[in-house]
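Participant: Sequence:
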Amino acid sequence: MSDIKAWTGRVGPPSTGRPLPVPGIAALLWLLLAAAAVLWWLASDMPAEILSYEEDIVFLGIQHIELVAWAGGLAILTGVPAGAMLSRPAFRRSAELILQVFNLGTTIPTLAVLALSMTVLGIGTVPSVFGLWAATLLPIVRNTYAGLRNVPTPLIEAARGMGMTAGQVFWRVELPNALFIIFGGVRTALSICVGTAPLAFLIGAGGLGELIFTGIALNDLPMMLAGAIPTALLAVLTDFVVGRLQIHLVPRGINPLR
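Each residue of the sequence shown is one higher than the one before, starting from 1 at the first, in the working numbering.
Please note: incorrect hints may appear among the correct ones.
Claimed, not checked - Ranges of calculated distance between the beta carbons of each label pair, as one might list FRET restraints:
id: 1; residue 1: Pro81; residue 2: Ala48; range: 45 to 51 angstroms
id: 2; residue 1: Leu32; residue 2: Gly124; range: 40 to 46 angstroms
id: 3; residue 1: Arg172; residue 2: Trp30; range: 38 to 44 angstroms
None of these hints come from the bench; they were simulated from the model.
The C-beta atom is built at its ideal place from N, Cα and C for all residues, glycine as well.
Using the sequences and the hints, build the whole thing.
Facilitator: Right, dumping it as structure tokens:
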């Protein structure tokens, strides 16, 4: 008997080899970008001009980190409890309406929030921290609320059937299962905070925005890049650190990254 396969009526495309996966394409593009940056660094005088602001970068970078730490820390301390409270059955009907109040910090431009806080709190670090806190708050509250609301109902009912109290159900079942989504909101919020913090210079709080906006005003490209490049690197580093915490702190059984 001849070995003949049945024809199904469909003709497949000619085999041209295995296509390059999307992550591979992204990695290739990043590699090309990094190579171009290295070539530019070696061939241009710009790096030496940027490094001439080394002392300013260190001093203002510390101020920048302090602003982000205060605003981001306060956003976590207030946003997670607020999202947890809104996820309770008592707020089920009014939760979305209350979330729109938190949304004001994101809807209103950050510069306007800083200007409004300056009119009440004056000039300096305090109004800057308040404005950055308002701009950072929504992703944490929203993700905490969504994570806790999306915990599978059978898990909660099983925990109650085992005799757990409401507090035990929250701490031992709901919060661990929502932790991955909560960390996603924290990562987004802190990245927003790092990228928005340069605006705090405009109301007297310092930070890397001093180099960015002064460089723009003086048409001094090296000064502007001396503030912009460290800001971008801080945002990437912050996201990486929080991402590693997300991998190691979220329990293994409910962490899709482990």
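Participant: With reference to the structure, classify each hint as holding or not holding.
Facilitator: Structure-based check of each hint:
no. : hint                                 : result
1   : Pro81 <-> Ala48: 45 to 51 angstroms  : holds, 49 angstroms
2   : Leu32 <-> Gly124: 40 to 46 angstroms : holds, 43 angstroms
3   : Arg172 <-> Trp30: 38 to 44 angstroms : holds, 41 angstroms
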